[in-house]
Amino acid sequence: MSQYRFKQSFSDDPSLSDKLFDLMEVTFPGLSSLAECAKKLGASWETASTPFIRFHDHVAITHVGVLEIPMQIMGQRLTVGGIHGVATRAEFRRRGYYREVMEEVLGYCDHDRLYETLVLTTPQPEFYLPFGFRVVEEHIFKVKCNFTGSTDSFRILDFTDTKDYTLLHRLLETRAPVSNRGTAGIRAIWDTMQSFVN
Numbered sequence: 000m001s002q003y004r005f006k007q008s009f010s011d012d013p014s015l016s017d018k019l020f021d022l023m024e025v026t027f028p029g030l031s032s033l034a035e036c037a038k039k040l041g042a043s044w045e046t047a048s049t050p051f052i053r054f055h056d057h058v059a060i061t062h063v064g065v066l067e068i069p070m071q072i073m074g075q076r077l078t079v080g081g082i083h084g085v086a087t088r089a090e091f092r093r094r095g096y097y098r099e100v101m102e103e104v105l106g107y108c109d110h111d112r113l114y115e116t117l118v119l120t121t122p123q124p125e126f127y128l129p130f131g132f133r134v135v136e137e138h139i140f141k142v143k144c145n146f147t148g149s150t151d152s153f154r155i156l157d158f159t160d161t162k163d164y165t166l167l168h169r170l171l172e173t174r175a176p177v178s179n180r181g182t183a184g185i186r187a188i189w190d191t192m193q194s195f196v197n
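Just so you know, the sequence shown maps onto residues 0 to 197 in numbering that gives the first Met the number 0.
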């Protein structure tokens, strides 16, 4: 038996994905269709994420997911844990379920130093401060850019177009980092995070 109460496996339970996305759709409307798009691009949530889920009567009520993110920091390659998809059904909030699951996730990530550090991006950092997370600013300034398009300008890729899909993967495979001080394996980031973009 696993030492973890909430750790689940998509391969062990074929119905787990549907149960999870029922919760995710309530919390983050539209996420299911984004995840489906990512799956078509070869970046499925189920292969990228380790889910920790608390159930009540076979209904997923709380989820915290863990991603593996390969990075290069100061010339050293390491794997960073990414916390994502944190969700609790509204009617089950303020009962300690999220805390239980998050504490198990942190124990899992810390066990045998599985990850050098954890990252989490959120518009609500105050929810994670009690668990030892801290706010790290991602930029020091913003600049407004007035863009006037042209025929030779950047464009949004259409992932339903085979040419754009092939172009994206070729560019990700051959991309050279601009720095070796702190870069992510961009292909790995694409594969693990595609679930969150359209």
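You may find that some hints are simply not true.
Unchecked claim - Straight-line Cα separation of at most 25 Å, BS3-like style, residue types lysine-lysine; simulated pairs:
1) LYS143 x LYS162
2) LYS38 x LYS162
3) LYS141 x LYS162
4) LYS162 x LYS39
5) LYS38 x LYS18
6) LYS39 x LYS18
Stated by the list, open to error - Each pair of labels, with its calculated beta carbon distance range:
7) GLU102 x PRO124: 38 to 48 Å
8) GLU35 x HIS168: 44 to 54 Å
9) PHE140 x PHE91: 18 to 28 Å
10) SER14 x GLU172: 26 to 36 Å
11) LYS162 x HIS55: 45 to 55 Å
12) GLU136 x SER14: 35 to 45 Å
13) ARG4 x PRO69: 25 to 35 Å
14) PHE153 x ARG92: 39 to 49 Å
15) HIS55 x SER152: 21 to 31 Å
16) THR173 x ASP109: 19 to 29 Å
17) PHE91 x ARG174: 35 to 45 Å
18) LEU166 x TYR3: 34 to 44 Å
19) PHE140 x GLY106: 15 to 25 Å
20) ARG4 x PRO129: 12 to 22 Å
None of these hints come from the bench; they were simulated from the model.
Everything numeric in this text was worked out from a predicted model, so none of it was measured.
From the three backbone atoms N, C-alpha and C, an ideal C-beta is built for every residue, glycine too.
Tested hints:
1. For a cut-off of 25 Å, the pair hint linking LYS143 to LYS162 is broken: about 32 Å separates their Cα positions.
2. Straight-line distance between C-alpha atoms of LYS38 and LYS162 comes to about 18 Å, which keeps the hinted pair within the 25 Å bound.
3. Straight-line distance between C-alpha atoms of LYS141 and LYS162 comes to about 33 Å, which puts the hinted pair past the 25 Å bound.
4. In summary, the hint linking LYS162 to LYS39 is supported, as the alpha carbons are separated by about 15 Å, within the 25 Å threshold.
5. Simply put, LYS38 and LYS18 have alpha-carbon atoms about 17 Å apart, close enough for the 25 Å limit, and the pair holds.
6. Taken as a hint, the LYS39 and LYS18 pair is honoured in the structure, with Cα atoms around 20 Å apart against an allowance of 25 Å.
7. Taken as a hint, the range 38 to 48 Å is violated for the pair GLU102 and PRO124, whose Cβ atoms sit roughly 18 Å apart.
8. For the pair GLU35 and HIS168, the beta carbons lie near 19 Å from each other, so the given range of 44 to 54 Å is not met.
9. At about 40 Å, the beta-carbon gap between PHE140 and PHE91 misses the expected band of 18 to 28 Å.
10. One distance hint, 26 to 36 Å for the beta-carbon pair SER14 and GLU172, holds here, with the actual separation near 35 Å.
11. Between LYS162 and HIS55 the beta carbons are some 47 Å apart, a value that agrees with the proposed interval 45 to 55 Å.
12. In this structure the supplied range 35 to 45 Å holds for GLU136 paired with SER14, their Cβ-Cβ distance being about 41 Å.
13. As the Cβ distance of ARG4 to PRO69 is approximately 29 Å, the hint placing it in 25 to 35 Å holds.
14. With their beta carbons about 41 Å apart, PHE153 and ARG92 fall inside the hinted range of 39 to 49 Å.
15. Checked against the hint of 21 to 31 Å, the C-beta distance between HIS55 and SER152 comes to roughly 51 Å, which is inconsistent with it.
16. Distance hint check: the CB atoms of THR173 and ASP109 are about 36 Å apart, inconsistent with the given range 19 to 29 Å.
17. Checked against the given bound of 35 to 45 Å, the beta carbons of PHE91 and ARG174, roughly 42 Å apart, stay inside it.
18. Taking the beta carbon of each, LEU166 and TYR3 are about 41 Å apart, inside 34 to 44 Å as hinted.
19. Against the hinted window of 15 to 25 Å, the Cβ-Cβ separation of PHE140 and GLY106 comes to about 38 Å, which falls outside the hint.
20. A C-beta distance of roughly 20 Å is found between ARG4 and PRO129, which places it inside the suggested range of 12 to 22 Å.
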